[in-house]
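A.B. asks: Sequence:
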Amino acid sequence: MGIGLQQNSVVLFKWVKVKVNTLILRVDWLTDSIAVAVCDVIYIEANSGAVKRVGRSDAFATEFDLEVEEYVPLPKGEVHKKKEIVQVVNRYIDEGVAELVPGVLFIDEVHMLDMECFLYLNRVLESSLSPIVIFATNRGFCNVRLKEMLLWRCGSHGIWRGVGRGTDMNRPHGIPVDLLDRLVIIRTQTYDVADMIKILALRANVEDLVIDDESLAYLGDIGLQASSRHAVQLLSPSSIMAKMNGRDNICKADIEEVKALSMDAKSSARLLQAQQEKYIS
10 MGIGLQQNSV VLFKWVKVKV NTLILRVDWL TDSIAVAVCD VIYIEANSGA VKRVGRSDAF
70 ATEFDLEVEE YVPLPKGEVH KKKEIVQVVN RYIDEGVAEL VPGVLFIDEV HMLDMECFLY
130 LNRVLESSLS PIVIFATNRG FCNVRLKEML LWRCGSHGIW RGVGRGTDMN RPHGIPVDLL
190 DRLVIIRTQT YDVADMIKIL ALRANVEDLV IDDESLAYLG DIGLQASSRH AVQLLSPSSI
250 MAKMNGRDNI CKADIEEVKA LSMDAKSSAR LLQAQQEKYI S
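So the number in this note's numbering is just where the residue sits in the sequence shown, counting from 1, plus 9.
I should point out that these hints are in silico values taken from the structure, not numbers from a laboratory.
Certain hints may be false.
Label pairs and their in silico Cβ distance ranges [to be verified]:
id : residue 1 : residue 2 : range
1  : VAL202    : PHE115    : 24 to 32 angstroms
2  : PRO140    : GLY105    : 20 to 28 angstroms
3  : TYR288    : LEU188    : 34 to 42 angstroms
4  : CYS151    : ARG279    : 16 to 24 angstroms
5  : ARG279    : ASP123    : 29 to 37 angstroms
6  : ARG279    : CYS126    : 28 to 36 angstroms
7  : ILE194    : GLU266    : 35 to 43 angstroms
8  : PRO84     : VAL186    : 44 to 52 angstroms
9  : GLN198    : ILE289    : 34 to 42 angstroms
10 : TYR101    : LEU128    : 24 to 32 angstroms
11 : ARG148    : ILE289    : 23 to 31 angstroms
Calculated cross-link-like contacts (lysine-lysine; reagent style DSS-like; alpha-carbon spacing at most 27 angstroms) [unchecked claim]:
id : residue 1 : residue 2
12 : LYS261    : LYS287
13 : LYS287    : LYS275
14 : LYS85     : LYS61
15 : LYS207    : LYS252
16 : LYS275    : LYS261
17 : LYS252    : LYS268
18 : LYS287    : LYS207
19 : LYS207    : LYS275
20 : LYS261    : LYS207
Note that CB positions come from ideal geometry on N, CA and C, so glycine has one too.
Turn these sequences into a full structure, and let the hints steer you where they fit.
C.D. replies: Structure follows, in structure tokens:
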């Protein structure tokens, strides 16, 4: 496209010359941030309406002897065509110029995805450019999540109506069978005391905490009874408790004091079930 300009007050009128005819565009002068002059070639994105400058029209290349501008021909097609980068990458791979090294995409709590997300993943995994996808979940059989329901009020009586998309199928790990059939399921085992102590020692090293072997063994027993996450969460409060007691290292007494003030998820669930009549439901 070639353009012409006419400034009137704070309004900018642009005569855009295209192959078929000439268009007149009205653009706010204050929001016209691109440096566009007469004889420039531009293109307008149809979706966003963004205007981008391509260069100077080659029809005016002889006006100046010295010019730093890049001269481009006036497009002859109806639209500005662009090629996807995927096609360029595929061509480089076919010619042996480039090599595709797939990355790794880790999705934790995959059972929280809804049916629409699973359909999208099932489709994109067929692409040759897709990364290695790792799903993680701790669920057994559970329902595949529904799309969020849309609610609206109808009429003057305030009747609520809703539409939801998806399915309530009960599937292993909350994953549809067609996607689950394409996965390699890695068998995992629960941690023993030795594994739990190694995990806690590594975490204490990351947080720069000093803890003795007796305290690590006690935390390992707590991790087996409750969960490894709960045992790790006790490290930082135990360190604060040790500093309050005038020590830099964590001892068993600090962990016992913090444990008496806290409660893991399993103990909390048992307490709520036993005393559910005392809580608002």
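A.B. asks: All the hints need checking, so say for each whether the structure fits it.
C.D. replies: Now for the hints, and whether the structure bears them out:
1. VAL202 <-> PHE115: 24 to 32 angstroms: holds (28 angstroms)
2. PRO140 <-> GLY105: 20 to 28 angstroms: holds (22 angstroms)
3. TYR288 <-> LEU188: 34 to 42 angstroms: holds (39 angstroms)
4. CYS151 <-> ARG279: 16 to 24 angstroms: holds (22 angstroms)
5. ARG279 <-> ASP123: 29 to 37 angstroms: holds (31 angstroms)
6. ARG279 <-> CYS126: 28 to 36 angstroms: At roughly 34 angstroms between Cβ atoms, CYS126 and ARG279 fall inside 28 to 36 angstroms, so the hint holds.
7. ILE194 <-> GLU266: 35 to 43 angstroms: Given about 42 angstroms between the Cβ atoms, the range holds.
8. PRO84 <-> VAL186: 44 to 52 angstroms: Distance hint for PRO84, VAL186 holds at roughly 50 angstroms.
9. GLN198 <-> ILE289: 34 to 42 angstroms: holds (40 angstroms)
10. TYR101 <-> LEU128: 24 to 32 angstroms: holds (31 angstroms)
11. ARG148 <-> ILE289: 23 to 31 angstroms: This hint holds: roughly 28 angstroms between Cβ atoms.
12. LYS261 <-> LYS287: violated (34 angstroms)
13. LYS287 <-> LYS275: Given pair LYS287, LYS275 holds - Cα atoms ~19 angstroms apart, limit 27 angstroms.
14. LYS85 <-> LYS61: Roughly 18 angstroms separates the two Cα atoms, so the pair holds.
15. LYS207 <-> LYS252: holds (24 angstroms)
16. LYS275 <-> LYS261: holds (22 angstroms)
17. LYS252 <-> LYS268: Since the Cα atoms of LYS252 and LYS268 sit roughly 16 angstroms apart, the hinted pair holds (cutoff 27 angstroms).
18. LYS287 <-> LYS207: violated (41 angstroms)
19. LYS207 <-> LYS275: It holds: about 23 angstroms lies between the C-alpha atoms, which stays within 27 angstroms.
20. LYS261 <-> LYS207: holds (17 angstroms)
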